[in-house]
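Asks: Residues per chain, in single letters:
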Amino acid sequence: MSVFFAKRFMTLLATLLGASIVIFIVMEILPGDPALVILGVEATDEAIALLTTELGLDRPALERYFDWIFGILQGDLGNSYAYKVPVWELVEGALKITVPLAILSMILSVALALVVGLYAAANHNKASDISLMGISQLGISIPNFWLAVLLILYFAVNLRWFPAGGFPGWDEGFWVCIKALILPAVALATVQGAILARITRSSVLEVFREDFVRTARAKGLSQRSTLWLHVLRNSMIPVITVMGLQFANLLAGTVIVENVFHMPGLGSTVLKAINNRDTIVVENVVLMLAAMVVVTNFIVDILYAVIDPRLKAHDI
Amino acid sequence: MVGGSITAFLLLCALISLFWTPGEVYGISIATRFLPVSAQHWLGTDQFGRDILSLLMAGTQNSITVGVVAVSIGLFAGVGLGLLASARRGWTEELIMRFSDFSFAFPAILSAIMITAILGPGGVNSIIAIGIYNVPVFARLTRGSANAIWTREYVMAARASGKGKFRITIEHILPNILSILIVQATIQFAIAILAEAALSYLGLGTQPPHPSWGRMLNEAQTLMFFQPMQAVYPGGAIALAVFGLNLLGDGLRDVLDPRLSRKR
Amino acid sequence: MALLDVENLDVSLSTAMGPARAVRGLNISLEKGETLGIVGESGCGKSMTALALMGLLPDNGTTEGTISLQGEDLLLKSEKEMCKIRGNRMAMIFQEPMTSLNPVHTVGRQIMEPLRLHRGLSKSEAFKETIGLMERVGIPNPSERVHNYPHQLSGGQRQRVMIALALSCSPDILIADEPTTALDVTIQDQILELIQNLVDEEGMALILISHDLGVIAENTEKVAVMYGGAVVESGPTDQIFGNLAHPYTQGLFAAMPKLGMGRNGRLTTIPGTVPDLINLPAGCTFTDRCPLATDECGTTAPSISTVEAGHKVTCHHIDQAINGRGEGLYK
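Chains as they are written, first to last, in numbering that gives the first Met the number 0: chain A, 0 to 315; chain B, 0 to 263; chain C, 0 to 330.
So that you can see chain A by itself, here it is in the shape it has in the complex (with noise of 0.2 Å):
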């Protein structure tokens, strides 16, 4: 178990690694001086050569990039080039949204797949299955940051249940936070849990053929009992895998739909950052990102462990 995890979490570094060698590479040819930027056209040959050894891209790329890395390994992320701040003070107020809002529009997706999913391959080839399925494919189909859209004007222009934009701080009161949170992390599950509730159905109807359904059947389970304590965990393999792929997406979604809403969250952020030529932001904010997608998956691939006993013994 332990020889399982331990090699799970060496693959996790090495990614996160090479991610930090490209991220670093790209900013590197992305064309534009951040002390240009920073100080205008106007500003004097001295003054940017000035700014630049202050700012240390002097330096060989090779120095910096380990200034970085080291930097991340003690907690700290250097400092803004453009705002002249630590670059953690200017993400932890975006990561405070943009965490948050990914986890909400994870759990929900995750219950509208279940449930959708679930519904449909227990009344297989019905009316209500395939009406299901065709609403879901149209979901598959409609863009996040539109459907952002209507959700706004519909829930907090006409019905004026949710506020339509903004995020209050987390200062404020969990629920006011949770309330602002809660028409972006329906924009963004809706696709989501279209495409996982499409795979879930799938899954179990796929499994209800295995051999063992029909021992547990001659044990004398019923098809309701058979779905909840031998199907479903079975079938969960294929969805977990694909939740971890789409969670790049979401993340990617989040980044767009958070703009919808003006939220200032990562995306925002990263946005600004590359407007400024604030590569150090840009760097650390996509790692962010990079981040949460292969932890997410370090955790499907824990998840697979517990469901499947198997992949264990595999492993070791």
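Just so you know, the hints here were simulated from the structure itself, not pulled from any lab data.
Any given hint could be a false lead.
What the hints assert, rightly or not - Here are a few chain A residues that face chain B, going by a calculated C-beta distance under 8 Å:
1) Ile141
2) Asn258
3) Val285
As the list claims (entries may be wrong) - No more than 25 Å apart at the CA atoms, straight line, and that leaves these computed lysine-lysine pairs for DSS-like:
4) A:Lys95 with A:Lys83
5) C:Lys76 with A:Lys125
6) C:Lys79 with A:Lys125
Stated by the list, open to error - Estimated spans, in silico, between C-beta atoms of each pair:
7) A:Val114 with B:Val254: 25 to 35 Å
8) A:Arg208 with C:Ile186: 20 to 30 Å
9) A:Ala5 with B:Gly143: 23 to 33 Å
10) C:His146 with B:Ala156: 47 to 57 Å
11) A:Glu41 with B:Pro207: 23 to 33 Å
12) A:Lys125 with C:Gly297: 41 to 51 Å
13) C:Gln189 with B:Glu170: 53 to 63 Å
14) C:Glu220 with A:Ile298: 52 to 62 Å
15) A:Pro167 with C:Ser123: 50 to 60 Å
16) A:Arg58 with B:Leu10: 48 to 58 Å
17) C:His146 with A:Ile71: 39 to 49 Å
18) B:Pro207 with A:Ala5: 48 to 58 Å
19) B:Leu10 with A:Arg208: 31 to 41 Å
20) C:Ser142 with A:Arg309: 17 to 27 Å
Bear in mind that the values here come from a model prediction, so they are computed numbers and not experimental data.
Glycine included, each C-beta is placed from N, C-alpha and C at the ideal position.
Use these hints to put chains B and C onto chain A, whose structure you have.
Replies: Just chains B and C now, with coordinates in the frame of chain A:
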């Protein structure tokens, strides 16, 4: 069937809009702004006095261009790399696959944002960005399906008769994985349309005055509180296009690869 | 009243090409503690018969006729009532012990399930009972094995788990569908012996389904030979093997490898393939492959005739078949 007709309908819209649109697409006339739905303007006009239906039709061109170019980039580069990986095996395969594994940690739109950040915002750049994202998708699919074909008896027979790897790839491998690639291309086409819309919505894609569904949505959002329908149409067009292409993909899979459809 | 009485059982499966008549006019009668063998090639309807008895046919299957268990017609029972019978009064062992056990649950949990369901035992009682059952089916070290997952056990042990599972509620009837086909030859005998002993001890009736005449001959009192969805020959095992009548049964027997056949001895085969259950031929279903077939066989279905007491055969040319047995019908 439904998917095919929706896709054909969109193609028709794009074709017609090349020659004729019911109203003005590029011209700005303040006098006709925010006109309600009428016989002349079926969906009304926007804040610049442009006919919304005409904009939607012209936007079809944009989406189709993006889809075709982005999928072509992905197809040519990705299928080439995938076939190479499958034919050469060894370290070539390892390198190509590790690279494409890696790019999966970065979601489509995020990598597109980064790439447009490097290349600068613009229609062409966003297409390239989406195209680059398509490369590993096709590379993985091609390599996986090609590897399966390489183990078949008729390929063994071809190798035994002294045919080179390049010739076998052209004569046996490619024709056998074509149907899978076509299905995937349809799906990637839909994803490309979605991604372009997202980029244009963020202001990183198609620039004014070229009509684009994503940008229409962006422009409409500022007016959303008093012109809500203006935000509804372009999104509906995107959803319809993606829906049609996804259905077409499913349909093609059923026709081209009956084994896959039965498993579903 | 017999323990189990199956009369005129028809099973048909609806397929894209039309209904497939998997079982036709099946009659079986089984007393308490009696053992019945059903033998035939794959696709002859023997597994479908078993599933029909359990009420576990696939969704596209329909049944007609009666299956009465101690006078109650199972085909008239609701799904809920059937759940109370399955695993409790009738239990089943399947061919593939690997895939027939749920890979994500421990074997202990899977054996405990029917105990808690039908006998209403508490968790700890069921656990104790499970260890006892595992010991009884010959699994070494049951208190440890109970926590194992199916993939951690050998094929033979998995089948023992399946047997423990089937045995848990002391059913009246045990149906074993090819219980040893997926196992190594050396283990096959052990498993069959185990089933035989348990059936004797518990006084259960056994329906043993196999394609292997040898297995049937050694383990059953009565036999039904199935071909193309219908029984072609049935009767007490001793009588049938002492007096093979139906050409098909003779063919099956001739196709068995025999000891001392030497390396030059060739296995006899029955030419042709099993009939298409969707488009059944008009007359006797065995006509195409039968060495004795005449025009009559192709047009009229043969009726049942009795060779000796209890030994029934469905064939137009019984006398010819019995007389020809000496030289062998198949060359």
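Asks: Next pair to validate is lysine 95 (chain A) with lysine 83 (chain A); report whether the Cα-Cα distance is within 25 Å.
Replies: holds (22 Å)
Asks: In this structure, is the beta-carbon distance linking proline 167 (chain A) and serine 123 (chain C) contained in 50 to 60 Å?
Replies: Given about 53 Å between the Cβ atoms, the range holds.
Asks: Do the beta carbons of glutamate 41 (chain A) and proline 207 (chain B) sit within 23 to 33 Å of each other?
Replies: holds (28 Å)
Asks: Would you check the hint for lysine 76 (chain C) and lysine 125 (chain A), treating anything up to 25 Å between C-alpha atoms as holding?
Replies: Given pair lysine 76 (chain C), lysine 125 (chain A) holds - Cα atoms ~24 Å apart, limit 25 Å.
Asks: Taking the beta carbons of histidine 146 (chain C) and alanine 156 (chain B), is their distance inside 47 to 57 Å?
Replies: holds (51 Å)
Asks: Is it true that the C-beta distance of serine 142 (chain C) to arginine 309 (chain A) lies inside 17 to 27 Å, as the hint says?
Replies: Cβ of serine 142 (chain C) to Cβ of arginine 309 (chain A): about 23 Å, so the range 17 to 27 Å holds.
Asks: Is the distance from the Cβ of glutamine 189 (chain C) to the Cβ of glutamate 170 (chain B) consistent with 53 to 63 Å?
Replies: holds (54 Å)
Asks: Go ahead and decide if the range 48 to 58 Å is satisfied by the Cβ distance of proline 207 (chain B) to alanine 5 (chain A).
Replies: Taking Cβ atoms as reference, proline 207 (chain B) and alanine 5 (chain A) lie about 54 Å apart, which means the hint holds.
Asks: Need the status of pair lysine 79 (chain C), lysine 125 (chain A): alpha-carbon distance at most 25 Å?
Replies: holds (21 Å)
Asks: Grab the minimum C-beta distance from isoleucine 141 (chain A) to chain B and call the hint holds if it beats 8 Å, violated otherwise.
Replies: This interface hint holds because 5 Å falls under the 8 Å limit.
Asks: Glutamate 220 (chain C) and isoleucine 298 (chain A), beta-carbon distance inside 52 to 62 Å?
Replies: Distance hint for glutamate 220 (chain C), isoleucine 298 (chain A) holds at roughly 58 Å.
Asks: Starting from the hint 25 to 35 Å, judge whether the C-beta atoms of valine 114 (chain A) and valine 254 (chain B) obey it.
Replies: holds (33 Å)
The structure agrees with every numbered hint stated previously.
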